[in-house]
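Below, each chain spelled out in residue letters.
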Amino acid sequence: MLQITNLHANVGDKPILKGLTLSLNAGEIHAIMGPNGAGKSTLGYVLSGRPGYEVTEGEITFNGQDLLGLEPHERAAAGLFLGFQYPVEIPGVSNVQFLREALNAQRKNRGEAPLSGAEFLKVAREQAGALGMDMDMLKRPVNVGFSGGEKKRNEMVQMGIINPAIAILDETDSGLDIDALRIVGDGINRIMRKPDKAVLLITHYQRLLDYVKPDFVHVLDGGRITRSGGPELALELERDGYKELAA
Amino acid sequence: MTALLPTRHDEAWRYSDIAAVEAAWPLPAPESIIVPAGGAFARTIVQDSGAIHQLEIAIGKGARAAIHILNIGGEYGRVELNVTLHEQADFKLGAVQIGGGTQNLEIVTTVTHAEPKATSSQIVRSVLAGTATGTYLGKVAVARDAQLTDSVQSVKAMLLDRSATANAKPELEIYADDVKCAHGCAIGELDPMGLFYLQARGIAPADAKKLMLQAFVAGVFEGAADEEMLTEAALKKLGELV
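If you're matching them up, the sequences are chains A and B in order. So the first sequence is residues 1 to 247, counted in the working numbering. So the second sequence is residues 1001 to 1242, counted in the working numbering.
So that you can see chain A by itself, here it is in the shape it has in the complex:
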């Protein structure tokens, strides 16, 4: 589904990713772990096309399509979702308006009919309810005044409404208390654990992986994958640390 080959990327003039190769198939959940500054968030931004993140070498294909040739909004319409590590506050724009516009823009890009206001609200209500989020919060401006945990939960509500083919979740577990972690974990499983979908979880900690069981775990260090394994690798990392593993 997603094939990343020998990816090199710079942020400004600084090389961050240095030959990263990774392949995700439909039905798989992959976790990427790694120390601070390893390039984890950069990978998420490069995949979603953030300006300023320049690919200097390598290629990324998504369902056979050259991902790097697409604009960020076209990548979203193609089915790629980035869960932000720091969800952005957008004063004055309500969640409902934003999400309806986003969903309908994606549908239009795919040649599907737009959802009416009532149809959209039904979907939004379902997804918000499943993640324990109040509809009142959905009517408020995007992420404004939300706590860290509420912002992450809102990312999951968005993911549920948009229903992407692949989700790259950048430290979705950070800033969550134990209850919220479970709710978010359940959300990821419910929305994305499907035979035709895939997830790339970017995380520092094993704890999210207790709720969302990965099929593969990779260690990203120095801009490339230095080790890959099954779920047991995450436990090993938690026990021994990245330093030990690198040695």
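Treat the hints as calculated values from the structure; they're not laboratory data. Treat the hints with care, as some may be off.
[As the list claims (entries may be wrong)] Below are the SDA-like pairs computed for lysine to any residue, each with C-alpha atoms no more than 25 Å apart in a straight line:
1) A/Lys151 with B/Gln1214
2) A/Lys139 with B/Gln1214
3) A/Lys139 with B/Glu1232
4) A/Lys151 with B/Lys1210
5) A/Lys108 with B/Gln1214
6) B/Lys1210 with A/Pro91
7) B/Lys1156 with A/Glu89
8) B/Lys1210 with A/Val88
9) A/Lys108 with B/Leu1195
10) A/Lys139 with B/Pro1205
11) A/Lys108 with B/Pro1205
12) B/Lys1210 with A/Ala78
13) A/Lys151 with B/Asp1191
14) B/Lys1236 with A/Gly92
15) A/Lys108 with B/Leu1235
16) A/Lys139 with B/Ala1215
17) B/Lys1210 with A/Arg107
18) A/Lys108 with B/Ala1204
19) A/Lys108 with B/Lys1210
20) A/Lys151 with A/Arg125
[What the hints assert, rightly or not] What the simulated footprint calls covered on chain A by chain B, stretch by stretch (three residues with Cβ under 8 Å from a Cβ of chain B suffice, anywhere in the stretch; the number is not a length):
21) 48-56
22) 70-76
23) 84-91
24) 97-104
[What the hints assert, rightly or not] Pair ranges (Cβ atoms, derived):
25) B/Ala1218 with A/Asp210: 42 to 52 Å
26) A/Glu57 with B/Arg1008: 50 to 60 Å
27) B/His1183 with A/Thr5: 48 to 58 Å
28) A/Lys139 with B/Gly1184: 21 to 31 Å
29) A/Asp196 with B/Glu1189: 36 to 46 Å
30) B/Thr1131 with A/Glu126: 44 to 54 Å
Ideal placement from N, C-alpha and C gives every residue a C-beta, glycine not left out.
We have chain A already, so just place chain B on it with the hints.
Same frame as chain A, now just chain B:
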């Protein structure tokens, strides 16, 4: 008002397109509006043809006046208000100016609290692209006897291109000692991270900008009889700029 053709040395015409002013000179006498005591007055001004509007408004005791301005058209457009508030009078201004290309748009207000307990509120939002210039000069003058004045000015400008110019001068001249006069002023550009966030959710760049700009001017026309028309015209103009 000025009898002689103003120059850029005149504070109220500092950023004006003097050639355009000269072409329109001499200006007709300002429209004079008197709101009688206890009365209410509302006016919507859409400047879409490159005109100079000058209004003098006297608001009587306990009376209210609300002005909504959409300043968007022509190479040079100016709306000038000279407002005098008597005891317990209330004045509200909600103004949006949106300019692109080489447009020069300005809103110049003088709000005089002549007597006690009057209130005034001015909200001005400017969106500027290309090499356009948008100016708000807003003076609030509080007379010696005008105790318990309550006045607020909120002025914000959004530059869509680095080549655009916003001038903002909220100004206070206070001779009374028991008053509340607040003013805030900010000039900025669209948050690139916000734009990326909207795009990452599937919204095309121009629509993302439009959505954020719509939020920026939202609320200014609240309460206007022509709210819908004003909002629609503002959005149409914004759509031309992004």
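Each hint, compared with the structure:
Taking the CA atoms of A/Lys151 and B/Gln1214, the gap is about 23 Å. The hint holds against a cut of 25 Å. For the hint linking A/Lys139 to B/Gln1214, the alpha-carbon distance of about 16 Å falls within 25 Å, and the restraint holds. Proposed proximity of A/Lys139 and B/Glu1232 is supported: the alpha carbons are some 22 Å apart, at most 25 Å. Simply put, A/Lys151 and B/Lys1210 have alpha-carbon atoms about 23 Å apart, close enough for the 25 Å limit, and the pair holds.
For the hint linking A/Lys108 to B/Gln1214, the alpha-carbon distance of about 21 Å falls within 25 Å, and the restraint holds. At roughly 14 Å between alpha-carbon atoms, B/Lys1210 and A/Pro91 fall within 25 Å of each other, so this suggested pair holds. Distance hint between B/Lys1156 and A/Glu89 is fulfilled; the C-alpha atoms sit about 18 Å from each other, no more than 25 Å. Taking the CA atoms of B/Lys1210 and A/Val88, the gap is about 17 Å. The hint holds against a cut of 25 Å.
The suggested pairing of A/Lys108 with B/Leu1195 holds, with an alpha-carbon distance near 19 Å, which does not exceed 25 Å. Using a Cα cut-off of 25 Å, the hinted pair A/Lys139 and B/Pro1205 holds, with the two alpha carbons roughly 23 Å apart. Between the alpha carbons of A/Lys108 and B/Pro1205 the distance comes to roughly 15 Å, so the proposed pair stays at or under 25 Å and holds. Distance restraint check for B/Lys1210 and A/Ala78: the Cα-Cα separation of roughly 23 Å lies within the 25 Å cut-off, and the hinted pair is therefore satisfied.
The suggested pairing of A/Lys151 with B/Asp1191 holds, with an alpha-carbon distance near 18 Å, which does not exceed 25 Å. Using a Cα cut-off of 25 Å, the hinted pair B/Lys1236 and A/Gly92 holds, with the two alpha carbons roughly 18 Å apart. Only pairs whose Cα atoms come within 25 Å are accepted, and A/Lys108 paired with B/Leu1235 is accepted, the gap being roughly 21 Å. Distance check on the hinted pair: A/Lys139 and B/Ala1215 sit about 14 Å apart at the alpha-carbon level, within 25 Å; holds.
A threshold of 25 Å between alpha carbons decides the hint, and for B/Lys1210 with A/Arg107 the separation of about 19 Å falls inside it, so the pair holds. For a cut-off of 25 Å, the pair hint linking A/Lys108 to B/Ala1204 stands: about 11 Å separates their Cα positions. At most 25 Å may separate the alpha-carbon atoms for a hinted pair to count; A/Lys108 and B/Lys1210 meet this at roughly 18 Å. Between A/Lys151 and A/Arg125, the direct Cα distance comes to roughly 17 Å. Compliance with the 25 Å bound is thereby established for this hinted pair.
Interface restraint, the region 48-56 of chain A with chain B: holds (4 residues with C-beta to C-beta distance below 8 Å; minimum three). For the region 70-76 of chain A, the proposed coverage by chain B is satisfied: 5 residues have a C-beta within less than 8 Å of a C-beta in that chain, meeting the threshold of three. Given as covered by chain B, the region 84-91 of chain A passes the check, having 6 residues with a CB less than 8 Å from a CB of that chain where 3 are the minimum. Given as covered by chain B, the region 97-104 of chain A passes the check, having 6 residues with a CB less than 8 Å from a CB of that chain where 3 are the minimum.
The beta-carbon spacing between B/Ala1218 and A/Asp210, approximately 43 Å, falls within the hinted interval of 42 to 52 Å. Evaluation of the 50 to 60 Å hint for A/Glu57 and B/Arg1008 yields a pass: the beta carbon distance comes to about 55 Å. About 57 Å separates the C-beta atoms of B/His1183 and A/Thr5, a value consistent with the hinted range of 48 to 58 Å. For the pair A/Lys139 and B/Gly1184, the supplied restraint of 21 to 31 Å holds, since their beta-carbon distance comes to about 26 Å.
Separated by about 41 Å at the C-beta atoms, A/Asp196 and B/Glu1189 satisfy the suggested range of 36 to 46 Å. For the pair B/Thr1131 and A/Glu126, the supplied restraint of 44 to 54 Å holds, since their beta-carbon distance comes to about 49 Å.
Violated hints are absent here; each numbered hint is respected by the structure.
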